[in-house]
Structures are given as C-alpha cells and as structure tokens.
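Given the sequences, and given the hints that come with them, work out the whole structure.
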Amino acid sequence: MGVSNMMSRFKPQADHSESSTEAPTPARSNSAVEKDDVMLDDSPVKYLTWRSFILGVVVSMGGFIFGYSTGQISGFETMDDFLRRFGQEQADGSYAFSNVRSGLIVGLLCIGTMIGALVAAPIADRMGRKLSICLWSIIHIVGIIIQIATDSNWVQVAMGRWVAGLGVGALSSIVPMYQSESAPRQVRGAMVSAFQLFVAFGIFISYIINFGTERIQSTASWRITMGIGFAWPLILAVGSLFLPESPRFAYRQGRVDEAREVMCKLYGVGPNHRCIAQEMKDMKDKLDEEKAAGKAAWHELFTGPRMFYRTMLGIALQSLQQLTGANFIFYYGNSIFTSTGLSNSYVTQIILGAVNFGMTLPGLYVVEHFGRRNSLMVGAAWMFICFMIWASVGHFALDLADPQATPAAGKAMIIFTCFFIVGFATTWGPIVWAICGEMYPARYRALCIGIATAANWTWNFLISFFTPFISSSIDFAYGYVFAGCCFAAIFVVFFFVNETQGRTLEEVDTMYVLHVKPWQSASWVPPEGIVQDMHRPPSSSKQEGQAEMAEHTEPTELRE
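Residues in the sequence shown are numbered from 273 upward in steps of one, following my numbering.
In short, the hints are calculated from the structure, not lab data.
There's no promise every hint is true.
Stated by the list, open to error - Simulated restraints on C-beta separations:
1. VAL510 to LEU786: 40 to 46 Å
2. GLY365 to ASP423: 19 to 25 Å
3. GLY630 to TRP322: 22 to 28 Å
4. HIS667 to TRP570: 43 to 49 Å
5. HIS641 to ASN425: 49 to 55 Å
6. SER745 to ALA677: 21 to 27 Å
7. LYS789 to ASP560: 23 to 29 Å
If you're wondering where the values come from, they're calculated on a predicted model, not measured in any experiment.
All residues carry an ideal CB built from backbone N, CA and C; glycine is no exception.
Structure, rendered in structure tokens:
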C-alpha cells in the first residue's frame, strides 16, 4: 500500500471498524442524552487503530534519522579511505584522528542538534507540528549534501554534520511532542516510545550498511552509507504532509471541529463518544485557564504553576539519559571493541545494535504495563550494576598493552555491554521521551520539550567530544562515571517523577499543579470537577448529561 493511500485514511469522517483490540469502558447509560436526543456513546474504545499505528510509524522516522546519524559515524572512523582523507598522517605512514579532530567530527552533530531543539519550539508553535517536521527533514538533507560533496576536507564533514544536526535536534523535539498530543491516552506512552524504537532501528541499520561497505577501498566505503541517508528524511518529509495536524494544536488555533474529527479518527469512535467529549472538555478547560493568564512569556517556564519544577525535571531526565553512557557505547563502539582485541569490531557493533533494537520492542510493552517510575528505577539499578562490572573488568582484568592475552576479559566486556543495552533499551531509552512529552501543559509544551531536548544534546556533545581525552587518560575506568550517574538517577526518579501511565495530558498537568507526591502518584485520583476519567459512567441526571454533551459537541469560539 502506498503512502498516499495509507494517509488517505485520515480524511475527516468517523469510523468504527478499525482494530480488533479494545480498551475496556463501562456500559452505556441511557440517562446521558444530548439536547437533540443523541445518546452519549459509552461503547468500548479500541486499544489501537490503524490510523494511530500509521501516524506513529511515519513520524517515528524522525527517530530513525537520529539513530542513523548517530550510528554511521562510529564505523566511518575506522574505515581506511575515511582515515586517509580526513585523518592525520602518522610517523609510520598510517593515518589516525587526533582527539580534537575526532571529537569535532563526532560532536558537531550534537551542537547542531542542541540549537535545532531550541529553535524548533517557536517555529512549531507558528507553523504547526506537521509542517515543521517537513521543514526540518529538508534541512537534514542539506546537511547530508554538504558532507557527501567533499573529498578531503574534514572541516566540511564536521560542518555538514552540524547542519544535519539542526534537523535531527528539531525532529527529536517536535516528533515526541506531536506524538504525545495526538496519541490516544491508552497507547500514548508506547507511541512516544516508538521514537526511541526507531532510534535503535536506525543505529542497527547503519551498522549493517557499514559492515557491508567497510572493505571497499574507495570513497564508496563511507559515501554509500551517507548517501542512503537521503532516503529517511525524504520519507518523513513526504509522509508528514499526509498526516493530520496535532488535535491539541488545531484546537488551540480555534479549529475545534478539525481537532474533534482527528481525535475521532485516532480513537476509532464517533463524535458522540464519551472519551471524545471528555478530551474536548479537558482541552477547553485548560485553554480557558491559559487565556485567562494571558500570553505566555519565556520567564513563565520558571514562574508558571509548578513550571520551575517541571522544566528542571525535564532537563535532569534528558541529561541523565545521556549520562547513562549509552551513546558512549554507540559513538565509540568500534574503537572500544578494537581495543579489547577483537579482529572485526563491525560484527560486534551489529550484535549490539541488534540487542538495542530487539530489546526496545518489549520496552513499548513495559512503558504501558509496568509504569514509568518503576521501570526507570529498575532500569537505572540494572545499568549501574552492568557498568560497575564492565569498568572493573576493563580497568583491572584486561591487558591494555596486549588485549589478545586476556580474551576472557574482552568477551566479558561484550557480554555486559549487551546486558547494559538491554536495560537501557527497555527503560531509559524510550520512557524518558514519553515522560517529557507528557508532563508539560500545552501553553509551554513546545518550549519545555525544546529545552529538555537541548539538554540531552548538550550532554551528548560533551560526552562525544571529551570521551577520546578521558579514555586515553583513565581507559575503561571511565565506566565508573556512568555507573555513578545511573545510581543517582534512581533517586531522581523516586523523589521527583510522577507516574503518568494511562492519564490524559490534562490530568498529568493537574497532578503536578496540585503537588501530588511522586511516590503516591500512581494511586492518585483526580478531584471531582477538575478532571474526570474518560471511562467514568455518566451522571444519572438527564439535565447534567444534556449540558455536558451540548458543551462538547458545539464548536467552541476562542476569544482573542
């Protein structure tokens, strides 16, 4: 089926025939009748519709671009032709990268992504989410052109990665935001986590392509991998044009009917269904609150209702996602495992990439069935143990002068690297994106996600740039640094992160504003009259039901 045929499913009309899985809802009540005698529908809500699935897959290509850009450079740095053209000639006639040159080629992508994440927020609020996704995909293509057009100028490669990074950073901010604003609540965590699934998939595919080209003794060894990279942003740019606008963005622009119709499509229910009525009411209530507060200003990210807490929490979570050490493995995997004595580290990279991708799949189940908090704490503890063992074996047991003399130590390091990736891929990889897409109110969401994502990319750059210097000084003891960060992450999650599983975005906002204690948040019940569960049985009062449906089914005029 072609992209245009699949995307045509988003034409605004209700459909009740999608998907065979259903989320439980209470029985219909005959007392909830609209003023036109139309029943308020309490039929079961489909757990996942084809429209939601297609939307999630298409926009998650933004994650694939992220992963592909991250994974390919690790293989390039050990390819003979890439070294000859962009490395520095040594006294013995061989070629190698200095720590500075290696750090800049790898790390300038992250500088671009940090800037892109910050700039993307105001553009997404003006242009809308879907058009912004298309724009930044095109900018990423420009970055690839700059890189692939050079023969021997390493600065051009680095600057091309910087431009490509603008697109990657913006997409890593906008895509999770678009997913969280569009996804039905029962699959929101899994849909946003699909972004990380595609990051892992992109890394894996780049490893496979690098393995297939690394023996070529010409520019094709790295240009093939780089050139294939044109396909991914092109798919995303074209595909995004066939997607609907985020219903929450559309609602805030006064396009109430459009927002309702998109939600009906994604939920797979009609406009008179209770879940649609409740979501529309929640959006209206939150928008009314925001309009009463006036136009949002930058300083409100720190002075708004519980916003300093949430802004700093988002920065902390995204920073800790990097400080787990995952991208240390993915950026420098080839160099790391070459130093353990492996004859072909590209094969090891493929194994690690397969583990990362394969274990992110169950991560989509974990995020919706075991909760955000518990999963993050268990994952952080698991990664702490893995890095402690990894660093100890590498620092004390591996013979750095002759790794072939200690093959058991090298194998143990690979095994615990795989164990570490299992923990990261099922927890901190996908779940942090989900939480950061959920905990901000619509008024500040774009800016807050942009700032949090910029923090992620800032640490990404620092790790990628300084790793060559640190590793050359303390070798594999570097792993103790990441182990300590994983240990600290356990306490950050326990004391500061609320459980958001199965709640609407408006309920999540209310939970933070009311200062719900994080360790009690899983059992928190929304106060009556503030937010209401979408599956709650309707009131027995006919007049109350009429008023409720009249409010949700009539177009809402937005005051300027």
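Looking at the structure, which of the earlier hints fail to hold? Per hint list: zero violations.
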